[in-house]
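With the hints as your guide, set chain B onto chain A.
Below, each chain spelled out in residue letters.
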Amino acid sequence: MSKITLAKGLNAGLRKAMEDDPKVLVMGEDVGKLGGVFRITDGLQKDFGEDRVIDSPLAESGILGTAVGLAMRGYRPVCEIQFDGFVYPAYDQIVSQVAKIHFRSQGKVKMPIVIRIPFGGGIGAVEHHSESPEAQFAHTPGLKVVACSNPVDGYWMIQQAIKCDDPVVFLEPKRQYHADKAELDETRTLADADPLFSSRVVREGTDLTLLAYGPMVKTCLASAEAAAQDGQSIEVIDLRTLSPLDMGPVLASVRKTGRAVVTHEAHVNLGMGSEIAARITEECFYNLEAPVLRVGGFDTPYPPSRIEEEWLPDLDRVLDAVDRSLAY
Amino acid sequence: MSKLGDDATTATRTLRTMWQIRRFEEAVDDLFARGLMHGTMHLSIGQEASATGTCFALRDDDAITSTHRGHGHCIAKGADLERMMAELLAKETGYCRGRGGSMHIADVATGNLGANGIVAGGIPIAAGAGLAYQLQGLDRVVVSFFGDGAANEGAFHEAVNLAAIWKLPVIFLCENNKYGMSFSTEKSFAIENIADRAVGYGIPGVTVDGNDVEAVNEVVAAAVERARNGEGPTLVESVTYRWKGHSKSDKNLYRTKEEISEWRDRDPIIRFERSVVERGVLDQAAIDAVRAQATEDIRTAVRAANAAPDARPDDLLEAVFAPATA
Chain A
1 MSKITLAKGL
11 NAGLRKAMED
21 DPKVLVMGED
31 VGKLGGVFRI
41 TDGLQKDFGE
51 DRVIDSPLAE
61 SGILGTAVGL
71 AMRGYRPVCE
81 IQFDGFVYPA
91 YDQIVSQVAK
101 IHFRSQGKVK
111 MPIVIRIPFG
121 GGIGAVEHHS
131 ESPEAQFAHT
141 PGLKVVACSN
151 PVDGYWMIQQ
161 AIKCDDPVVF
171 LEPKRQYHAD
181 KAELDETRTL
191 ADADPLFSSR
201 VVREGTDLTL
211 LAYGPMVKTC
221 LASAEAAAQD
231 GQSIEVIDLR
241 TLSPLDMGPV
251 LASVRKTGRA
261 VVTHEAHVNL
271 GMGSEIAARI
281 TEECFYNLEA
291 PVLRVGGFDT
301 PYPPSRIEEE
311 WLPDLDRVLD
321 AVDRSLAY
Chain B
1 MSKLGDDATT
11 ATRTLRTMWQ
21 IRRFEEAVDD
31 LFARGLMHGT
41 MHLSIGQEAS
51 ATGTCFALRD
61 DDAITSTHRG
71 HGHCIAKGAD
81 LERMMAELLA
91 KETGYCRGRG
101 GSMHIADVAT
111 GNLGANGIVA
121 GGIPIAAGAG
131 LAYQLQGLDR
141 VVVSFFGDGA
151 ANEGAFHEAV
161 NLAAIWKLPV
171 IFLCENNKYG
181 MSFSTEKSFA
191 IENIADRAVG
201 YGIPGVTVDG
211 NDVEAVNEVV
221 AAAVERARNG
231 EGPTLVESVT
241 YRWKGHSKSD
251 KNLYRTKEEI
261 SEWRDRDPII
271 RFERSVVERG
281 VLDQAAIDAV
291 RAQATEDIRT
301 AVRAANAAPD
311 ARPDDLLEAV
321 FAPATA
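Here the protein sequences come in this chain order: A and B.
Under UniProt numbering, think of the first position of the first sequence as 1, with each following residue one higher.
Under UniProt numbering, think of the first position of the second sequence as 1, with each following residue one higher.
Worth flagging that the hints you see were computed from the coordinates, not collected in a lab.
Glycine included, every Cβ here is placed at the ideal spot set by N, Cα and C.
Hints should not be assumed to be uniformly reliable.
[What the hints assert, rightly or not] Pairs of lysine-lysine residues, derived as DSS-like cross-links and limited to a Cα-Cα distance of at most 27 Å, are as follows:
(1) A:LYS46 x B:LYS167
(2) B:LYS167 x A:LYS33
(3) B:LYS167 x A:LYS23
[To be verified] These stretches of chain A come out as covered by chain B in the derived footprint (C-beta under 8 Å, 3 or more residues):
(4) 63 to 76
(5) 99 to 109
Just chain A, same shape as in the assembly:
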């Protein structure tokens, strides 16, 4: 057992995946000697060489397009997008090529590409460096989208994503990279880990279901803890997978609690919460005691760092929605 951060978990997971399969390549801007802006690929080039940890020029479309060609010839590229907002130059390749080639070729060509994106705010950065673009990818058929929230999941989920034969957009909550440590049991194997495309109840409760992923899991757990002091019993689910959604645990929870609040840093309008609220309403209409509420970022571009704390959904905003739902 060792205590690791999310950054260390991802780094160790990448290392393990590269050891296990020589076809796994890491590509991106500054991923080599520098180890990436957030040091997630730290030391990998030193140990696996420049042919497997490839520093690329500033060319996101080129990186993703090159990954497509590599995948066509049997490699499993892991592309690092330096910051969430830098993914847009590659958006064309991701949506027009990566997502469509398996279907277009009717399964003859697989696209085992992982697109790692540090996402979300809270690190005092600015727009293009703090965004949450997940819904745009979850809306695209042919892409799978997951978000890790903690060090141990980071370690397992990155390995599972690399083993997946489909393209996976892998979202990493950047403010969690170096925030908390958790125990990793290295004696476990990938087969013991929860499946990649599964959600998980991370705190049990009976009065209301709080749904979160990525950076909001921590916020929701803290909110549930605070609510417990007022006698409210809140269940928290870490969604983990955004496309496909794993609605089983969510629906089971809402059938029990009768109330749900969906949270994310991304803008509320047409965000993941909209889809999740619609599905809960379709499946649990007669169990609901209140409308499904959404808590998220405001419908503006990401604000300057001085006011991002007001912009980001926090414990107070989550608890306010909890109160509104319980009062309904």
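What follows is chain B alone, placed relative to chain A:
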């Protein structure tokens, strides 16, 4: 180095391929006009020498990426005519079970990494395939076909630069057919030759008469040799002309009848025929036989494709993802 028209066998093969491309596209044009084919299509009639001269400089285990105007590239790379026609007719026997259509024929097994509906979409993919060959230590090369319009897309710049700095075995084959849909290259470029852009990437750039199948073949063969030797990519500009409109909806409002007629007089196939007859490599009877054979090849393909089962919507969801996932 021997030319494509130097001996009867190679000349016949070259001519048959060019006529197959022409007859294939004429058949496609006809099927669309009669409402028997759906979607859209982009014809390369007039550009047959460019596709043929290029692909004939490749080995079977080399790869290409193609474009929306890609029927000629597929045929010249050795695609099966019946499976191609079936793909265009949305048949289960097509290369992509009829789900790809005219713009997305891919036959990865034979090195055709796919046509592409996104202009410049295939260029970085070619760089990636080239990187794969380099990492695997293989002496294979990749030709990325694209048009003049694609040379103004960002993906072109990113991919050519990547290939240049990593010395990838890629030939960037720009088919300059003078128009990006309606927009002429005179208006869309401030330089005379697109190949001049190579200087900016530190790689060789060559402009060649794209209607001269032998000239194209020689230029590409030299670029291929360079790539195989690990010396990196070359930008080849093959200057040619499409006789037909951009797509089926194009009424040719942006160019004159005289201009089109002038280029039709420079028919790359007739030009090659005249040359091999003058050189005494083939006689007129042999040429007539090749034409008849190519016509029959396409008729057979159309007949067989028509008889094949239609693509069905009931299993449409099947191939969105790979069957077994983590």
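Outcome of the hint check:
no. : hint               : result
1   : A:LYS46 x B:LYS167 : holds, 22 Å
2   : B:LYS167 x A:LYS33 : holds, 21 Å
3   : B:LYS167 x A:LYS23 : holds, 21 Å
4   : 63 to 76           : holds (count 12)
5   : 99 to 109          : holds (count 9)
Checked against the numbered hints above, the structure violates none of them.
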